[in-house]
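Engineer: Here is how the chains run, residue by residue.
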Amino acid sequence: MHKLLASAYKEALLLSRDIGGLAILFIMPLVLVITITLIQNNTFKTINDTKIPVLLVDNDQGQIAEHISEGLAASNSFEIIESLSEEEAREAVFKGKYQLAIVIPENLSADLQKKVTTNVEGILAQFGLEEETSPTSTEDQNFQKEVRLYFDPATQVSFKSSVKNGIDKMISQIETQSIYKAFQEQIGEEDNAIFETNSFITFKEIIPTKDNKEIIPNATQHNVPAWTLFAIFFIIVPLSINMVKEKTQGTFVRLRTNPVGYGTVLGGKTVVYLGVCLIQFTLMLLLGVYVFPHLGLPQLDVSGKLPLLFVVAIFAGLAAIGLGLLLGTLAKTQEQSAPFGATFVVILAAMGGVWVPVFIMPKFMQLLSTISPMNWGLNGFYDVFLRNGSLLDILPEIGLLFLFFVATTLISIVYNERKNTV
Amino acid sequence: MIQIQQLSKKYKGAENYSVQNLDLVVEDQEIFGLLGPNGAGKTTLISMLSFLLKPTSGSFTINNLSFKENKKELKQLIGIVPQEYALYPTLTAYENLYYFGSMYGLKGKVLKDSIHSHLETLGLSRFADKKIDTFSGGMKRRINLIASILHNPKVLFLDEPTVGVDVQSKNVIIDHLKQLNANGTTIIYTSHHLNEAENLCTRVAIIDQGTIITKGVPSDLIAAQENARNLEDVFLALTGKALRDHA
Numbered sequence: 001m002h003k004l005l006a007s008a009y010k011e012a013l014l015l016s017r018d019i020g021g022l023a024i025l026f027i028m029p030l031v032l033v034i035t036i037t038l039i040q041n042n043t044f045k046t047i048n049d050t051k052i053p054v055l056l057v058d059n060d061q062g063q064i065a066e067h068i069s070e071g072l073a074a075s076n077s078f079e080i081i082e083s084l085s086e087e088e089a090r091e092a093v094f095k096g097k098y099q100l101a102i103v104i105p106e107n108l109s110a111d112l113q114k115k116v117t118t119n120v121e122g123i124l125a126q127f128g129l130e131e132e133t134s135p136t137s138t139e140d141q142n143f144q145k146e147v148r149l150y151f152d153p154a155t156q157v158s159f160k161s162s163v164k165n166g167i168d169k170m171i172s173q174i175e176t177q178s179i180y181k182a183f184q185e186q187i188g189e190e191d192n193a194i195f196e197t198n199s200f201i202t203f204k205e206i207i208p209t210k211d212n213k214e215i216i217p218n219a220t221q222h223n224v225p226a227w228t229l230f231a232i233f234f235i236i237v238p239l240s241i242n243m244v245k246e247k248t249q250g251t252f253v254r255l256r257t258n259p260v261g262y263g264t265v266l267g268g269k270t271v272v273y274l275g276v277c278l279i280q281f282t283l284m285l286l287l288g289v290y291v292f293p294h295l296g297l298p299q300l301d302v303s304g305k306l307p308l309l310f311v312v313a314i315f316a317g318l319a320a321i322g323l324g325l326l327l328g329t330l331a332k333t334q335e336q337s338a339p340f341g342a343t344f345v346v347i348l349a350a351m352g353g354v355w356v357p358v359f360i361m362p363k364f365m366q367l368l369s370t371i372s373p374m375n376w377g378l379n380g381f382y383d384v385f386l387r388n389g390s391l392l393d394i395l396p397e398i399g400l401l402f403l404f405f406v407a408t409t410l411i412s413i414v415y416n417e418r419k420n421t422v
Numbered sequence: 001m002i003q004i005q006q007l008s009k010k011y012k013g014a015e016n017y018s019v020q021n022l023d024l025v026v027e028d029q030e031i032f033g034l035l036g037p038n039g040a041g042k043t044t045l046i047s048m049l050s051f052l053l054k055p056t057s058g059s060f061t062i063n064n065l066s067f068k069e070n071k072k073e074l075k076q077l078i079g080i081v082p083q084e085y086a087l088y089p090t091l092t093a094y095e096n097l098y099y100f101g102s103m104y105g106l107k108g109k110v111l112k113d114s115i116h117s118h119l120e121t122l123g124l125s126r127f128a129d130k131k132i133d134t135f136s137g138g139m140k141r142r143i144n145l146i147a148s149i150l151h152n153p154k155v156l157f158l159d160e161p162t163v164g165v166d167v168q169s170k171n172v173i174i175d176h177l178k179q180l181n182a183n184g185t186t187i188i189y190t191s192h193h194l195n196e197a198e199n200l201c202t203r204v205a206i207i208d209q210g211t212i213i214t215k216g217v218p219s220d221l222i223a224a225q226e227n228a229r230n231l232e233d234v235f236l237a238l239t240g241k242a243l244r245d246h247a
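Listed in order, the protein sequences are those of chains X and C.
The C-terminal residue of the first sequence carries number 422 in full-length UniProt numbering, and the numbering is unbroken.
The C-terminal residue of the second sequence carries number 247 in full-length UniProt numbering, and the numbering is unbroken.
Careful, some of the hints might be misleading.
To be verified - Here are the simulated BS3-like cross-link-like pairs (lysine-lysine), alpha carbons at most 27 angstroms apart as the crow flies: (1) K12/C to K332/X; (2) K131/C to K245/X; (3) K247/X to K10/C; (4) K10/C to K419/X; (5) K245/X to K12/C; (6) K170/C to K332/X; (7) K419/X to K68/C; (8) K247/X to K75/C; (9) K112/C to K54/C; (10) K245/X to K130/C; (11) K145/X to K164/X; (12) K145/X to K169/X; (13) K107/C to K332/X; (14) K419/X to K170/C; (15) K247/X to K215/C; (16) K160/X to K363/X.
Stated by the list, open to error - Pair by pair, the computed Cβ-Cβ distance ranges are: (17) Q334/X to H116/C: 47 to 55 angstroms; (18) I174/C to K247/X: 37 to 45 angstroms; (19) I347/X to E84/C: 34 to 42 angstroms; (20) H116/C to T282/X: 32 to 40 angstroms; (21) T343/X to G105/C: 25 to 33 angstroms; (22) V311/X to G105/C: 28 to 36 angstroms; (23) D18/X to N64/C: 41 to 49 angstroms; (24) S219/C to F340/X: 55 to 63 angstroms; (25) E15/C to V311/X: 54 to 62 angstroms; (26) S16/X to N70/C: 48 to 56 angstroms; (27) Q334/X to K178/C: 35 to 43 angstroms; (28) N420/X to E226/C: 39 to 47 angstroms.
Keep in mind that the hints were calculated from the coordinates and are not lab data.
We put the CB at the ideal spot given by N, CA and C, even for glycine.
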């Protein structure tokens with residue numbers, strides 16, 4: 001025990017003497033969380049506040065173009081700029097001057113009305129309600145109109161999707177209303193509305209509640225755990241560098257001649273670096289609770305969750321340390337450990353769902369994500385933060401994190417025994 | 001007593017043995033010098049005796065304890081002063097010594113007294129709280145030595161303990177080694193300083209290409225070698241003047 005404590009004391013001294021290293025360990029994660037949360041929290045806010053200019057080429061001059069224009073304007077996200085020609089709009093968008101151009105084809109409103117009327121007449125004739133159905137040419141029945149969208153190639157896929165979905169919805173609404181209107185006209189009840197054109201099916205998001213209060217996750221609740229975990233795992237870089245330095249300085253050679261087990265040496269590092277992880281985590285929470293509101297960000301809500309959050313942080317920290325110990329044991333130079341460690345953490349974060357949710361990943365990546373300790377940690381945090389999970393709920397995740405720590409540490413010890421023990 | 005029997009080491013991928021079928025007995029309280037040109041096998045031999053390298057074959061005992069079955073006990077009995085400064089540069093001398101002393105199981109007053117006593121003897125008391133990276137080469141060598149002897153080892157291995165130090169530091173180190181030896185520590189030491197070995201060692205062995213080519217009391221070896229005035233003459237006569245560069 002004395003050897004373990006002495007090892008931990010030495011590690012603490014080494015860390016405390018490395019001011020630059022400490023700054024990286026404690027300040028950089030804070031900067032990271034603030035930056036990411038500011039960006040993510042303000043994504044939609046920024047869109048609402050600044051309005052994205054959209055070029056609209058209205059070749060239709062009818063009801064649909066008017067409806068789309070009004071719909072986009074009503075969303076408060078877009079500023080509609082009329083453009084004279086499709087060619088001009090396309091050039092402006094492809095050069096990156098605008099993010100989006102919408103081209104409404106000629107006679108779209110009239111043709112849609114025509115097609116709907118034809119279809120309605122056809123249906124009514126089937127029921128014998130329409131006495132004289134005017135013959136409709138095949139050409140008229142099969143024509144299709146397209147609303148053309150031009151996007152700046154640099155536009156994010158998610159933005160494109162949401163714009164396309166929005167326009168698609170507007171067009172569908174117009175089509176539906178046109179059909180209702182056509183029926184009404186054919187039945188001869190133009191003045192009295194006989195159809196309710198409002199949507200019959202609506203949706204409502206049911207939000208989890210606690211003590212009868214709805215718990216609505218915000219960007220802070222999502223970002224703090226995700227990026228805290230990312231920062232915690234980054235500890236593998238300084239930890240592995242610390243171990244490689246011992247090899248290059250010769251102190252590891254001395255330790256190998258001392259009557260002390262490799263497990264004790266690793267134990268000392270584990271104690272201190274776990275302390276570092278918990279300090280990092282505490283700073284992140286303090287940041288979310290006390291600093292975020294001053295930056296215009298939503299406050300982190302940790303009420304009643306602190307003990308469980310720290311449980312997850314401890315086990316996530318252990319998993320990260322286990323990985324660092326393994327990397328430090330295997331690596332011979334800092335040139336091996338530092339770039340590999342940093343890149344590997346980024347890969348683990350990507351696999352774990354820190355950047356992109358796991359459910360939208362390809363099947364193979366979803367499978368891989370289940371073996372990422374970052375994913376276990378993230379789910380543990382989400383269970384506590386967003387799903388109001390209990391200790392029982394996070395048991396699978398913290399169990400896996402602990403097993404990962406045990407496995408990586410054991411591999412380190414066995415590798416060292418094989419490699420270095422006489 | 002150290003008994004080495006048929007000890008050999010061949011590194012992976014190497015054509016030749018670095019140490020080959022080496023037999024040697026070092027009696028208690030000897031100061032035994034291992035001399036030889038670069039690549040002769042001195043460091044390899046000391047590394048095997050101090051559990052840094054696994055022998056390819058052969059065995060050794062220290063105080064009748066076999067290296068295979070008594071690793072933990074033997075590590076407590078021995079001390080090794082490696083050729084490089086095996087110290088944490090950002091820790092102070094005291095912090096380094098406290099840590100390495102703790103690794104030998106020393107604690108409390110015993111450890112503190114041992115640190116202060118050795119620092120005093122080697123003239124470093126007033127630098128106890130200075131960081132190692134501010135020390136000169138000679139000061140680092142002395143701390144390197146203290147870190148290996150805090151637990152009063154029965155056997156002390158030193159790999160070139162005076163390389164790159166000034167005359168004053170060398171003197172202090174040599175005097176301290178003599179004092180340790182007088183207090184009962186057996187010393188096995190490698191060096192390229194043949195005059196130093198001649199004055200310090202009770203016996204020496206000259207190693208070349210992994211085998212001992214001669215061993216004995218320095219004065220006897222000098223006397224036995226024709227036209228030899230000192231150990232260096234004996235050394236050159238036995239190992240030749242050709243360069244021993246290795247890559």
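Engineer: Run every hint past the structure and note whether it holds.
Structural biologist: Going down the list of hints, with the structure as the test:
| no. | hint | result |
| --- | --- | --- |
| 1 | K12/C to K332/X | 18 angstroms, holds |
| 2 | K131/C to K245/X | 17 angstroms, holds |
| 3 | K247/X to K10/C | 23 angstroms, holds |
| 4 | K10/C to K419/X | 15 angstroms, holds |
| 5 | K245/X to K12/C | 25 angstroms, holds |
| 6 | K170/C to K332/X | 33 angstroms, violated |
| 7 | K419/X to K68/C | 16 angstroms, holds |
| 8 | K247/X to K75/C | 19 angstroms, holds |
| 9 | K112/C to K54/C | 34 angstroms, violated |
| 10 | K245/X to K130/C | 20 angstroms, holds |
| 11 | K145/X to K164/X | 16 angstroms, holds |
| 12 | K145/X to K169/X | 16 angstroms, holds |
| 13 | K107/C to K332/X | 32 angstroms, violated |
| 14 | K419/X to K170/C | 35 angstroms, violated |
| 15 | K247/X to K215/C | 35 angstroms, violated |
| 16 | K160/X to K363/X | 24 angstroms, holds |
| 17 | Q334/X to H116/C: 47 to 55 angstroms | 35 angstroms, violated |
| 18 | I174/C to K247/X: 37 to 45 angstroms | 30 angstroms, violated |
| 19 | I347/X to E84/C: 34 to 42 angstroms | 36 angstroms, holds |
| 20 | H116/C to T282/X: 32 to 40 angstroms | 39 angstroms, holds |
| 21 | T343/X to G105/C: 25 to 33 angstroms | 41 angstroms, violated |
| 22 | V311/X to G105/C: 28 to 36 angstroms | 35 angstroms, holds |
| 23 | D18/X to N64/C: 41 to 49 angstroms | 46 angstroms, holds |
| 24 | S219/C to F340/X: 55 to 63 angstroms | 57 angstroms, holds |
| 25 | E15/C to V311/X: 54 to 62 angstroms | 57 angstroms, holds |
| 26 | S16/X to N70/C: 48 to 56 angstroms | 38 angstroms, violated |
| 27 | Q334/X to K178/C: 35 to 43 angstroms | 41 angstroms, holds |
| 28 | N420/X to E226/C: 39 to 47 angstroms | 46 angstroms, holds |
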